[in-house]
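Chains as they are written, first to last, in my numbering: chain A, 1 to 460; chain B, 1 to 388.
Derived from the structure by calculation, the hints contain no laboratory data. Glycine residues also receive a C-beta, built at the ideal position from the N, C-alpha and C atoms. Check before you lean on any hint, since a few could be wrong.
Chain A regions said to be covered by chain B (calculated; three or more residues, Cβ under 8 Å) [to be verified]:
hint, stretch
1, 97-111
2, 169-181
3, 355-361
Over the 12 Å line for every Cβ pair with chain A, so calculated as not near, a few chain B residues [as the list claims (entries may be wrong)]:
hint, residue
4, F35
5, I113
6, L133
7, L157
8, E173
9, P275
Okay, here's what each chain looks like letter by letter:
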Amino acid sequence: MATDYSQEISVIDERLTFTDIENLVARPIDEKPNKKYLFALSVTVSMLLLGVVCLIIAFYYGIGMFGNNIPVAWGFPIINFVFWVGIGHAGTLISAILFLLRQRWRTGIARFAEAMTIFAVICAGLFPLIHLGRPWLAGYLIPYPNQHDLWVNFISPLVWDVFAVSTYFIVSLLFWYVGLIPDFASLRDRATSKAKKFIYSLFSLGWRHSNRQWQHYEKAYMILAGLATPLVLSVHSVVSFDFAMAILPGWHSTIFPPYFVAGAIFSGFAMVVFVLVIVRKVFDLEGIITMNTLDNMNKVILLTSLMVGYSYGMEFFMGWYSGEVIEKFVIINRAFGPYAWSYWIMISCNVLFPQLFWFKRFRRSIPVMFVVSIYVLIGMWFERFVIIVTSLHRDFLPSSWGMFIPTFYDVGILLGSFGLFFTLVLLFAKNLPVVSIAEVKAHSKGAQIHHEHAEDKLNG
Amino acid sequence: MDRSNKVYGITALFSKPEAILSAAEKVSDSGYKKFDVNTPYPIHGMDRAMKLKRSFLGFVTLTFGFSGTAFILFFMWWTLSVSYKLVIGGKPFFPLPAFIPITFEFTVLLAAISTVFGMIAAFFNLPKNSHPLNETEYMRSVSHNKFGIIIEAADPLFDEVKLTQLLKELGAEKVETVYWPEDEKFRIFEPKFITFLIIVALFTSGTTYFSLNKLMYIVPFNWMDKQDKTIPQEKSDFFIDKFSMRTPVEGTVARGFMPYPFMGVDTPKVFLSDPLLPTKEVLKLGQRKFLTFCSPCHGNLGEGDGRLQGQFPNGPTFHSNAVINMSDGQIYHIITNGRNVMPSYASQITRRERWAIINYIRILQRAENASEADVKEAKEEESGKNVQ
Numbered sequence: 001m002a003t004d005y006s007q008e009i010s011v012i013d014e015r016l017t018f019t020d021i022e023n024l025v026a027r028p029i030d031e032k033p034n035k036k037y038l039f040a041l042s043v044t045v046s047m048l049l050l051g052v053v054c055l056i057i058a059f060y061y062g063i064g065m066f067g068n069n070i071p072v073a074w075g076f077p078i079i080n081f082v083f084w085v086g087i088g089h090a091g092t093l094i095s096a097i098l099f100l101l102r103q104r105w106r107t108g109i110a111r112f113a114e115a116m117t118i119f120a121v122i123c124a125g126l127f128p129l130i131h132l133g134r135p136w137l138a139g140y141l142i143p144y145p146n147q148h149d150l151w152v153n154f155i156s157p158l159v160w161d162v163f164a165v166s167t168y169f170i171v172s173l174l175f176w177y178v179g180l181i182p183d184f185a186s187l188r189d190r191a192t193s194k195a196k197k198f199i200y201s202l203f204s205l206g207w208r209h210s211n212r213q214w215q216h217y218e219k220a221y222m223i224l225a226g227l228a229t230p231l232v233l234s235v236h237s238v239v240s241f242d243f244a245m246a247i248l249p250g251w252h253s254t255i256f257p258p259y260f261v262a263g264a265i266f267s268g269f270a271m272v273v274f275v276l277v278i279v280r281k282v283f284d285l286e287g288i289i290t291m292n293t294l295d296n297m298n299k300v301i302l303l304t305s306l307m308v309g310y311s312y313g314m315e316f317f318m319g320w321y322s323g324e325v326i327e328k329f330v331i332i333n334r335a336f337g338p339y340a341w342s343y344w345i346m347i348s349c350n351v352l353f354p355q356l357f358w359f360k361r362f363r364r365s366i367p368v369m370f371v372v373s374i375y376v377l378i379g380m381w382f383e384r385f386v387i388i389v390t391s392l393h394r395d396f397l398p399s400s401w402g403m404f405i406p407t408f409y410d411v412g413i414l415l416g417s418f419g420l421f422f423t424l425v426l427l428f429a430k431n432l433p434v435v436s437i438a439e440v441k442a443h444s445k446g447a448q449i450h451h452e453h454a455e456d457k458l459n460g
Numbered sequence: 001m002d003r004s005n006k007v008y009g010i011t012a013l014f015s016k017p018e019a020i021l022s023a024a025e026k027v028s029d030s031g032y033k034k035f036d037v038n039t040p041y042p043i044h045g046m047d048r049a050m051k052l053k054r055s056f057l058g059f060v061t062l063t064f065g066f067s068g069t070a071f072i073l074f075f076m077w078w079t080l081s082v083s084y085k086l087v088i089g090g091k092p093f094f095p096l097p098a099f100i101p102i103t104f105e106f107t108v109l110l111a112a113i114s115t116v117f118g119m120i121a122a123f124f125n126l127p128k129n130s131h132p133l134n135e136t137e138y139m140r141s142v143s144h145n146k147f148g149i150i151i152e153a154a155d156p157l158f159d160e161v162k163l164t165q166l167l168k169e170l171g172a173e174k175v176e177t178v179y180w181p182e183d184e185k186f187r188i189f190e191p192k193f194i195t196f197l198i199i200v201a202l203f204t205s206g207t208t209y210f211s212l213n214k215l216m217y218i219v220p221f222n223w224m225d226k227q228d229k230t231i232p233q234e235k236s237d238f239f240i241d242k243f244s245m246r247t248p249v250e251g252t253v254a255r256g257f258m259p260y261p262f263m264g265v266d267t268p269k270v271f272l273s274d275p276l277l278p279t280k281e282v283l284k285l286g287q288r289k290f291l292t293f294c295s296p297c298h299g300n301l302g303e304g305d306g307r308l309q310g311q312f313p314n315g316p317t318f319h320s321n322a323v324i325n326m327s328d329g330q331i332y333h334i335i336t337n338g339r340n341v342m343p344s345y346a347s348q349i350t351r352r353e354r355w356a357i358i359n360y361i362r363i364l365q366r367a368e369n370a371s372e373a374d375v376k377e378a379k380e381e382e383s384g385k386n387v388q
């Protein structure tokens, strides 16, 4: 199949009219949930409940229920935190960076990816609190005026994290909500039941689709995209500072910020592909989330896979090039030590399997991308496991060497976080427009005047 | 919604984006100012067609963003180097590189929040669900698949007949007049609403009370209130005598503090000697402590005429030959050890203070029994002649 690259391919299926778009997007909201949906929800809620029970036990008896202990003081909670923050990054990349780069194929998936950002950051934000062991004392992380004149340590990367992740959450939420306002108005005007009309009126804030509103709205969207772009790059850089600012061999490295950002986008895109493959099938959105979009997503996965692979190679190179005995030991121990299995899971899932996407046939094959995206998610989780556990379990003194063995509660809480994430995704998919109605309308055939002229010129 | 017969404006619907663009151009060229275009999505070129000024939203972002930068830099400097100076790893009090991440995050946070809230509240004047266009057929069409234009009756050029004609000429599918809605009446004192308010109030105060006074003291949220340790004055189940406060073991000596060697001895053979010089500070300290501890019995000038006369046996005068001839160490022994009815003051007056009191007593003795030479010296000092 030859593709003409001189022309931009249509974002959505060309035959869709405005009415079709609106009906397609609004269908899951209008219909009563079917059995399949309820089954999926019951699975995710069960996972969530398992996590909640594990958490309650862990909080009651203390964090001795977790596997982390000296020397591996950062166990599952921090691994999961970094993993989930990373998942969130794809949404902002799609909604902000690709918007600024005028990548029109993002239109169909931007809303969903943004929602996944918010849910992933919710999951991520819980883990530092879980790691605290006394989550109800988390208020002390925020600089508030108090009678002791005691403030947080602004020089600590852990406090930077608090600011970065909370800013990221708030800005993502605002960005998402701003995008939703016109859609709420559309839903308000097509709603028939009184309760729905009330709720949509409330959230649409009285939006009237007026051009005097659109004018500022488009400006605001551009500004927010401009703000979110450096923000998303900063957030995972700050997360990587948690490691890179420490002097621990295996962590103390200048490559960490770009390496973490690439890894975050890599895992985030894998999660988006994983969820979208299911969503477009279940909600009949094949016309809006097209194969071309998925093809592009897989190209990004391939690119970031290569960046991550380069970072793994560079870590090895630096271990040797530094001439430090301990640095060298850490790197060799990572690949051939007691946790070698986790290292090779990471390498094969993150570097080897995504290479399939060099071939167009695999990039456009639903089963292949589904399996590869799962592999990437597993691989990226193990990347954080490798970074944290293998760097910590061999201390400077052999007398303080130890091993990290996760407990049932660790695994339960990890499953619970997946339960929370997918429960939120399912609730979102059922109750809110999963695709931006206004944006898709604006990108459908014949919607814009100037675009048509430009395309005519290209064709003529 | 009930409509009054007051005209809000004239609406027209079009089904092609090209048509609405030319209609908007025509209407704004005809001199109308109070009109608006409603489209399901933003149409490129509409701002120019409507002759709209460019959006100033960016300046809101800029102003608030930079205010955020300035505020957080000032705040971090103030907390770490003014409010509570904190040395962290020997770093300076204003380590700018370490402040960059938070400064950046806070700038973005304030810029984003101000952009969104500024847009909604200041530029759109939202939330507002009582606009006359809401819940009209026109609104339902433009939020779905039609493109509409509305010219408000408030415009000075507004003429219903002429406008209908103009819009029809432009190819409008449907031209319609929109009326203001009837004023809505809010019945605040309806029993339903009052009940609702009461329930909300009870629920809020109940949960607040529960979480602040009960929930926070349930294990494990109890702020470490209950711990396996004894608190002074508390009853102890561990010790036989049920006291949680314990006395030190017999013969305990505090670190770096040698006990007084003649404690409990009536008349020791040797005495300590005064380690202090009679400087101004020492004498001031001695005077203060003398007036506090000695004067009630011995009198303000040490004449044995204290304020407690008749209630407590008075101490002897300090101006007898016996006392004048006592060595400093001997007086120190009496203060420390007590004599006759005078108890030991060792626990009330520190060692330094005791020596200071002795220095002050010596001053009193010399003043009371002054010689000719002393009087002369004092007089000279008073007139400023004696410069020594």
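Going down the list of hints, with the structure as the test:
1. 97-111: violated (count 0)
2. 169-181: holds (count 6)
3. 355-361: violated (count 0)
4. F35: Violated, since 10 Å does not exceed 12 Å.
5. I113: Given that some Cβ of chain A is not farther than 12 Å from that of B:I113, nearest at about 7 Å, it is violated.
6. L133: Not fine: 6 Å to the nearest Cβ puts B:L133 too close to chain A.
7. L157: holds (19 Å)
8. E173: Per Cβ check, B:E173 is outside 12 Å of chain A; nearest 15 Å; holds.
9. P275: Non-interface label stands for B:P275: nearest chain A Cβ at 40 Å, farther than 12 Å.
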